[in-house]
Amino acid sequence: MYRYDEFDHALVAGRVDQFRGQVARRLAGELTEDEFRPLRLMNGLYLQLHAYMLRVAVPYGVLSSAQLRKLAHIARRYDKGYGHFTTRQNIQFNWPRLEETPDILDELAEVEMHAIQTSGNCIRNVTADQYAGVAAEEIEDPRVYAEIVRQWSTLHPEFSFLPRKFKIAFNGAAHDRAALRLHDIGLRLRRQGGQCGFEVMVGGGQGRTPMIAEIIRAFLPRRDLLAYLEAIMRVYNRFGRRDNKYKARIKILVHDLGAKAFAAKVEAEFETLRGGALDLPGAEVERIRRHFRPPPYDEIDDPVAWYDLKRREDKDFGDWARTNVGAHKRPGYAIANISLKPIGGVPGDATADQMDAVADLADRYSFGEIRITHEQNLVLPHVRKTDLFEFWQRLGAQDLATPNLGLVTDIIACPGLDYCGLATARSIPVAQAISTRFAALSRQHDIGELRLKISGCINACGHHHVGHIGILGLDKRGEEYYQITLGGRADADAALGKIIGPSFSATGVVDAVETIVETYLSIRRGGEEPFIATVVRTGLTPFKEALYGAH
Amino acid sequence: MIQIVTANRLADGLVVFRCSGGWTEDVTDAAQAGDAESAARLLGTAAVDVDACVIVDPYLIDLDEADAAPKLRREFIRASGPTVQVGFNRTRHGGDE
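Protein chains in written order, with the numbering used here: chain A, 1 to 551; chain B, 1 to 97.
Calculated from the structure, these hints are not laboratory results.
You may find that some hints are simply not true.
[Stated by the list, open to error] Straight line, CA to CA, 16 angstroms or less: simulated EDC-like cross-link-like pairs of lysine to aspartate or glutamate:
{"#": "1", "chain 1": "A", "residue 1": "K544", "chain 2": "A", "residue 2": "E518"}
{"#": "2", "chain 1": "B", "residue 1": "K71", "chain 2": "A", "residue 2": "D475"}
{"#": "3", "chain 1": "B", "residue 1": "K71", "chain 2": "A", "residue 2": "E479"}
[To be verified] To be clear about the criterion: a stretch of chain B counts as covered by chain A if any three or more of its residues have a C-beta under 8 angstroms from a C-beta of chain A, and this derived list gives those stretches:
{"#": "4", "segment": "9-23"}
{"#": "5", "segment": "57-70"}
[What the hints assert, rightly or not] Which stretches of chain A does chain B cover? Using the computed rule of at least three CB atoms under 8 angstroms from a CB of chain B, they are:
{"#": "6", "segment": "20-34"}
{"#": "7", "segment": "50-56"}
{"#": "8", "segment": "69-83"}
{"#": "9", "segment": "299-306"}
{"#": "10", "segment": "411-419"}
We treat Cβ as the ideally placed atom computed from N, Cα and C, and that holds for glycine.
Throw the hints in and build the complete structure from the sequences for me.
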C-alpha cells in the first residue's frame with residue numbers, strides 16, 4: 001500500500017501543529033466559535049447531537065494492520081471503545097474531546113493517517129472498489145489512480161472553497177462496487193486499443209435531489225486524468241451555484257446546463273490544460289504503482305480440495321463462505337468479507353477489541369492489509385483458501401463471522417437521530433428491528449441478494465435512494481415516519497428507487513418490509529429471480545397492492 | 001410552558017444544561033423558566049459563558065410539563081443519549097431459526 005514520503009509526513013505534521021495552535025486559541029478565547037468552526041471542520045471535527053465527532057479519512061478504504069490497531073487505540077483511549085465505519089469508507093469517533101483532538105491527530109499522523117478533507121466544500125476523501133487489486137474480474141488496479149488523485153486534490157488551493165462538497169470514486173473491475181454513478185465524478189477504468197484510460201461520469205449524487213451521473217467522456221487516456229479532472233473542477237467552480245446550498249452540487253449544474261453543454265465546457269477548458277504541468281507521465285504512474293505491488297503470494301494449486309471439503313462438511317462454514325468469500329485473481333487465494341452487521345447490531349460499528357482482532361487476523365492471514373467497504377463492512381483481501389476455515393473460526397470468536405453479505409440483514413444505515421444533528425428520525429433501531437425480524441439464515445438465503453438501505457434524513461447518508469428497498473426517516477408532527485422506495489440500485493445499472501406510497505410508523509415499517517419481501521417471494525419467477533429483477537419486471541404495483549390494498 | 005437552556009460544553013463537547021451553579025449534564029438538575037421573561041433571562045446568563053469559553057451554541061428547549069422531560073424527540077435523545085446500545089456490537093439473537 002502507499003507509504004508517505006517526506007512531503008506527506010511534513011504536510012500532515014504541519015497540519016496537526018497548526019490545529020493544535022487553533023484549539024489552544026479557541027480554548028483561551030482568542031477565537032470565537034464562528035471563527036473556529038470552519039477550522040475544526042477542515043480537520044474533520046464536527047459538533048454532533050451529543051458531542052464532537054471526528055471523521056478520519058481512510059483513502060480509498062485501504063488500511064494496514066498498524067493503522068487499524070491505532071484506530072482501536074484511539075477508540076479506547078480517547079473515545080468510548082468503538083468506532084463507526086461509514087458509507088464513505090471512513091471511520092467516525094462519536095465522543096472525542098476538543099482538547100484532546102490534537103493528540104488524536106498526532107497519533108493518527110504516526111501511522112500516516114489524518115482527518116483532512118473529511119468535511120467542508122473541498123474534494124473529499126477519494127473512494128474506490130474495496131476489491132481493488134485483487135478482484136478476479138479486475139481490468140486495472142484503481143488504487144494507483146485514486147492515490148494520484150488524492151495527492152493532486154489534497155489541500156488543492158484552487159479547490160478548497162468549492163460551491164459545495166465534492167466526491168470522486170474509482171472502479172477498475174467489470175463489477176461496479178464503488179457506486180460510481182452516484183458520485184460527483186465517477187471514473188471507470190477501461191482499456192481501448194491496448195491503452196488504459198477512464199470512462200468519465202459526472203453529476204451523480206443522492207441527498208434531496210438524487211441524480212444518476214451522466215457519462216461525459218467514453219474514454220479518457222490515462223495521461224490526461226489530472227488535466228481533465230482539473231477542467232471539470234474549474235467549470236464547476238466557475239459556474240456552480242453559490243447562492244443556494246441546496247442547488248450547489250455539480251449535479252444541479254450538469255442537469256441545468258445539460259450533459260452535452262457541460263461536457264463542451266469541460267472539453268474547452270481541457271484543451272487549455274492538456275499536455276501541460278498536469279500531464280501524467282507513465283513513469284509517475286509506475287512510481288505510484290510500485291506502492292501497490294502484489295504481496296508475496298504463495299504458488300497454490302486451485303481448486304483447493306481442503307477448502308471445498310470443509311465447505312461441504314461444516315454447514316456453518318459453508319454458509320459463511322457462500323456469501324462472504326469473493327473470487328481472488330490469484331489461484332489458491334480468496335477475498336474474505338467481514339460483516340459488521342451482526343443480527344440486531346449497529347450497522348458499521350466495531351469495538352476496539354474487534355478492531356484489534358481484525359488487525360491480528362490481517363497480520364496472520366492477509367499480509368497485514370484490510371479494506372473498508374462503502375457498505376460498512378471490512379475485507380481481508382488476501383486469505384489463502386487453505387486458511388479460510390481457521391480464519392473463520394477465529395472471526396467467530398469475535399462475533400465477526402455473520403454470514404450475511406449482500407443479504408437482507410446486511411443493511412446500510414446512517415447514524416440517524418441517535419447521533420446526528422441533522423437527522424429527522426432514527427435509523428439504527430429500524431435496522432436492528434429488520435435485522436432481527438429476518439435473523440433466520442435459511443430465510444435470508446431463500447430471499448437472496450437484497451440491498452436494504454436506511455437514511456435518517458433527506459441528506460441520504462444511508463444511500464436509501466439506491467437501496468433495492470430504501471427507507472427514509474421523516475418527522476411528521478413529532479412522530480417518526482418511514483417512507484419506502486423500491487427498485488434503487490448502486491451498481492453499473494444504477495437507478496433511483498421509486499416511492500411506493502404513504503409512509504409507515506417505526507413499527508409499521510418492519511411489517512411493511514416483510515410484506516414486500518413476502519410479495520416478492522410469491523411472484524418471483526423460477527424461485528430464483530433476484531429481488532431487484534422482480535421489481536424491474538413487475539414495477540411497483542404488486543407491492544403497492546400488498547401494502548395498501550388494491551385501491 | 002417550562003423551558004430550560006441547553007448547550008455543548010466547549011472543551012469536551014458534551015450536552016449540558018444551565019443550572020443554579022453553572023452547567024450540569026443531568027437534565028433533571030436544569031434551572032427551569034416558567035415564562036418568557038425568565039426564559040430570556042436564563043438564556044442571557046448563558047451568553048456570559050459563551051464569552052468565557054465554557055459552552056457553545058446555547059438555546060432554549062421546551063419541557064413536557066407532565067414529566068419534565070424534553071418535549072421534542074431530538075432534544076429528548078440529546079439529553080438522554082443514543083437510544084441504542086453504545087459500543088457493544090454483538091449478535092443479540094444467536095443462531096439460525
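Cross-check of the supplied hints:
{"no.": "1", "hint": "A/K544 with A/E518", "result": "holds (13 angstroms)"}
{"no.": "2", "hint": "B/K71 with A/D475", "result": "holds (14 angstroms)"}
{"no.": "3", "hint": "B/K71 with A/E479", "result": "holds (12 angstroms)"}
{"no.": "4", "hint": "9-23", "result": "holds (count 6)"}
{"no.": "5", "hint": "57-70", "result": "violated (count 1)"}
{"no.": "6", "hint": "20-34", "result": "holds (count 5)"}
{"no.": "7", "hint": "50-56", "result": "holds (count 3)"}
{"no.": "8", "hint": "69-83", "result": "holds (count 3)"}
{"no.": "9", "hint": "299-306", "result": "violated (count 0)"}
{"no.": "10", "hint": "411-419", "result": "holds (count 3)"}
The earlier numbered hints that this structure contradicts are 5 and 9.
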